[in-house]
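Number of protein chains: 2
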Amino acid sequence: MALIVHKYGGTSMGSTERIKNVAKRVAKWYDAGHQVVVVPSAMSGETNRLIGLAKEIMAQPDPRELDMIASTGEQVSVGLLAMALLALGKPAVSYAGWQVGIKTDSSFTKARIQSIDDTRIRGDLDEGKIVIVTGFQGVDDEDNIATLGRGGSDTSAVAIAAALKADECLIYTDVDGVYTTDPRVVEDARRMSKITFEEMLEMASLGSKVLQIRSVEFAGNYRVPTRVLSSLTDPLMPLEEEANSGTLISFEEDTNMEQAVISGIAFTRDEAKITVLGVPDRPGVAYHILGPVAEANIEVDMIIQNQSVQGVTDFTFTVSRGEYQKAMGVLEGVKGEIGASSIVGDAKVSKISVVGVGMRSHVGVASKMFQTLADEGINILMISTSEIKISVLIDEKYMELAVRALHKAFELDKE
Amino acid sequence: MALIVHKYGGTSMGSTERIKNVAKRVAKWYDAGHQVVVVPSAMSGETNRLIGLAKEIMAQPDPRELDMIASTGEQVSVGLLAMALLALGKPAVSYAGWQVGIKTDSSFTKARIQSIDDTRIRGDLDEGKIVIVTGFQGVDDEDNIATLGRGGSDTSAVAIAAALKADECLIYTDVDGVYTTDPRVVEDARRMSKITFEEMLEMASLGSKVLQIRSVEFAGNYRVPTRVLSSLTDPLMPLEEEANSGTLISFEEDTNMEQAVISGIAFTRDEAKITVLGVPDRPGVAYHILGPVAEANIEVDMIIQNQSVQGVTDFTFTVSRGEYQKAMGVLEGVKGEIGASSIVGDAKVSKISVVGVGMRSHVGVASKMFQTLADEGINILMISTSEIKISVLIDEKYMELAVRALHKAFELDKE
Numbered sequence: 001m002a003l004i005v006h007k008y009g010g011t012s013m014g015s016t017e018r019i020k021n022v023a024k025r026v027a028k029w030y031d032a033g034h035q036v037v038v039v040p041s042a043m044s045g046e047t048n049r050l051i052g053l054a055k056e057i058m059a060q061p062d063p064r065e066l067d068m069i070a071s072t073g074e075q076v077s078v079g080l081l082a083m084a085l086l087a088l089g090k091p092a093v094s095y096a097g098w099q100v101g102i103k104t105d106s107s108f109t110k111a112r113i114q115s116i117d118d119t120r121i122r123g124d125l126d127e128g129k130i131v132i133v134t135g136f137q138g139v140d141d142e143d144n145i146a147t148l149g150r151g152g153s154d155t156s157a158v159a160i161a162a163a164l165k166a167d168e169c170l171i172y173t174d175v176d177g178v179y180t181t182d183p184r185v186v187e188d189a190r191r192m193s194k195i196t197f198e199e200m201l202e203m204a205s206l207g208s209k210v211l212q213i214r215s216v217e218f219a220g221n222y223r224v225p226t227r228v229l230s231s232l233t234d235p236l237m238p239l240e241e242e243a244n245s246g247t248l249i250s251f252e253e254d255t256n257m258e259q260a261v262i263s264g265i266a267f268t269r270d271e272a273k274i275t276v277l278g279v280p281d282r283p284g285v286a287y288h289i290l291g292p293v294a295e296a297n298i299e300v301d302m303i304i305q306n307q308s309v310q311g312v313t314d315f316t317f318t319v320s321r322g323e324y325q326k327a328m329g330v331l332e333g334v335k336g337e338i339g340a341s342s343i344v345g346d347a348k349v350s351k352i353s354v355v356g357v358g359m360r361s362h363v364g365v366a367s368k369m370f371q372t373l374a375d376e377g378i379n380i381l382m383i384s385t386s387e388i389k390i391s392v393l394i395d396e397k398y399m400e401l402a403v404r405a406l407h408k409a410f411e412l413d414k415e
Numbered sequence: 001m002a003l004i005v006h007k008y009g010g011t012s013m014g015s016t017e018r019i020k021n022v023a024k025r026v027a028k029w030y031d032a033g034h035q036v037v038v039v040p041s042a043m044s045g046e047t048n049r050l051i052g053l054a055k056e057i058m059a060q061p062d063p064r065e066l067d068m069i070a071s072t073g074e075q076v077s078v079g080l081l082a083m084a085l086l087a088l089g090k091p092a093v094s095y096a097g098w099q100v101g102i103k104t105d106s107s108f109t110k111a112r113i114q115s116i117d118d119t120r121i122r123g124d125l126d127e128g129k130i131v132i133v134t135g136f137q138g139v140d141d142e143d144n145i146a147t148l149g150r151g152g153s154d155t156s157a158v159a160i161a162a163a164l165k166a167d168e169c170l171i172y173t174d175v176d177g178v179y180t181t182d183p184r185v186v187e188d189a190r191r192m193s194k195i196t197f198e199e200m201l202e203m204a205s206l207g208s209k210v211l212q213i214r215s216v217e218f219a220g221n222y223r224v225p226t227r228v229l230s231s232l233t234d235p236l237m238p239l240e241e242e243a244n245s246g247t248l249i250s251f252e253e254d255t256n257m258e259q260a261v262i263s264g265i266a267f268t269r270d271e272a273k274i275t276v277l278g279v280p281d282r283p284g285v286a287y288h289i290l291g292p293v294a295e296a297n298i299e300v301d302m303i304i305q306n307q308s309v310q311g312v313t314d315f316t317f318t319v320s321r322g323e324y325q326k327a328m329g330v331l332e333g334v335k336g337e338i339g340a341s342s343i344v345g346d347a348k349v350s351k352i353s354v355v356g357v358g359m360r361s362h363v364g365v366a367s368k369m370f371q372t373l374a375d376e377g378i379n380i381l382m383i384s385t386s387e388i389k390i391s392v393l394i395d396e397k398y399m400e401l402a403v404r405a406l407h408k409a410f411e412l413d414k415e
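Going down the list, the sequences are from chains A and B.
Under full-length UniProt numbering, the first sequence has 113 at position 113, and the numbering climbs by one with no breaks.
Under full-length UniProt numbering, the second sequence has 275 at position 275, and the numbering climbs by one with no breaks.
Excised from the complex, chain A in its bound form:
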């Protein structure tokens, strides 16, 4: 007997028929003797419908009130799924996050889980019940509902799995695993049966979109074995087969496996680049530029500071395209204060990264990447590197071309 957490996305919960299929799948695991906790998302379209209503009333919805509204989609889902299981004769009970002690901070619409009290869930599991818990939400110290932001149900599932010390967290989604790159861009992209936590973190943060990045961080911090697998298969397929499908995010050093140098190509299409020109190069300049940006709750990704020439430097960073205008506005406001000569930007850029733990012990990955792009006539606008990834910023119109060329150059289409 194992303790398993299942997470189902909005598409899997998209209609009452599909919810019945989810129930059949959950029942299969339960009947095999496992303890099962399920974290379903809102029915597809529902969160958008709710946010749409809010925006009809307030163009910039108040975050606390928006969370009050947006959190209801998951509450409906848990109730429906519990009923679908009860209709199959399985004991099931649903809970909203606040009912099972999921505590968050008060950053409405982008809250972080702080703690989970597992008492109630564990009690129900010990009584033989299937427990269904709302994803995406918890409550702060004053019992205000706070949501975790888009994709937050992944994080909820992994956090609950961590709190319960679950044997595995299964993230059922509409893709059947993590690919070497997006199959919509590269036809012969290949599914990986295993990926390390660190690689997954880079793949997720760089826009592979299979899992919310915070869920991967959670999985890493608490060493929760997490598997991404398809919810589109027959719910009654043999359990053994299902249990080994998809992609496992692994924490074990796998010495047997001949580690590929590069495991995947990740990309983010909607990036924007901002350059602050002619800044006096003195201590604290990065803080004075990025401080106000961070205060405006804008996430900054790549950061480059040029070599100083005659005490003056340029400072370049990227933000997601949706926050470009806001970031430009913030910087215009503090331009005088930081003593910059001007601020320029480009909102039509994309980021591409090659990711792989094997990179650590192999030289030449960077040069191969740059050469491949040069062969295609693609100009590199920015470069940033880490132990297991190299990212470049390029004009967005070359994005697909670059991904396909790199996927081929690193032979990711071959086992």
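Keep in mind that the hints were calculated from the coordinates and are not lab data.
Model, not experiment: these values are computed from the prediction.
Quick reminder that beta carbons are idealized off the backbone N, C-alpha and C, glycines included.
There may be inaccurate statements among the hints.
[Said to hold, decoys possible] The calculated DMTMM-like cross-link candidates involving lysine to aspartate or glutamate, where the alpha carbons are at most 25 angstroms apart (straight line), are: (1) B:K20 with A:D140; (2) B:K90 with A:E46; (3) A:K103 with B:D140; (4) B:K129 with A:E46.
[Stated by the list, open to error] For the chain A half of the interface with chain B, some residues (derived, Cβ under 7 angstroms), not all of them: (5) V76; (6) A82; (7) V285.
Fit chain B to the known structure of chain A by using the hints.
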């Protein structure tokens, strides 16, 4: 400065445009210096949509899970209304029932409010905020969400008004007050500017449908001055005029007013009558018949036991038409046990009542009622009386005719 509770029905909350109108109305009261608590219903159609989803999954939805789902409609409403007020620059905050200590019993889908902790609401009011609270719901001792059943938001509003010792509870609805009878049946039905609590109780319980009966009981028990008024008027109409519109449910002995003998004609169309024939007339017979019916959660209304003849009696009672088949089934199951010869029923009957506190000191109301019906050739199937009402059961096909004739006979069209 007064403390006022507003309640808005689903029609008033039916679209984001209408919600903005509700906000304007609430803001008007707030700007006039009043403390305002608002209890909005779910947007019209929303509760039905949610129950429809549940029924697609489970024909007889599990009550606890149904409440989990159905309660979300109000949660969306409070968030939207709070935003609409914030958009007008008014400080507003929304709460679900559980966040402000609305405690109920565990009778899911038909729970009763047991207590309300006013600390949080009062704190916000004292800080100058408008407080929006979900109607229709609370939580039981184990923090399970429980709803109060259809129309429960009226009860929530009155209960919150009672807990806060509010000066008045204003129930905004799509009718402009309580009428002498249903204006759709009798064209010259007249709006009453005042009605006693007892009369309102009879009018509500007898199907006038303006207010949920439990809300009237609450208003009576806690002496909450409650006013039914229209939400369809211009939200910016003068506050003084609005404050005196509609119908006030009054608790004062009004000696100045020449009390009309009869204040209104109430009716319920969808009744059913069940007769248990040939029951041995011994102690406990009523209990043995009605016990199983009550256990099946079926509400019984009128009850008559015939004069016993040779130790055998007949026992007749009414239930709402929707529960007729269920009640017949229950009785067939215990027929042998109670020793009845047979059980017969009629599901095409309606109940009509004349209501008025003036009846107490006036004789002849009953005879006038019976004579009026006889003049129209309408046969009376059952009679039941109380201090302030006389009810008769008749064939449903005569219902409109009977209501019109009685309205005229008691001169309710005249001031």
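- prompt: Which of the numbered hints are not met once you compare them with the structure shown?
  reply: 1, 2, 4 and 7
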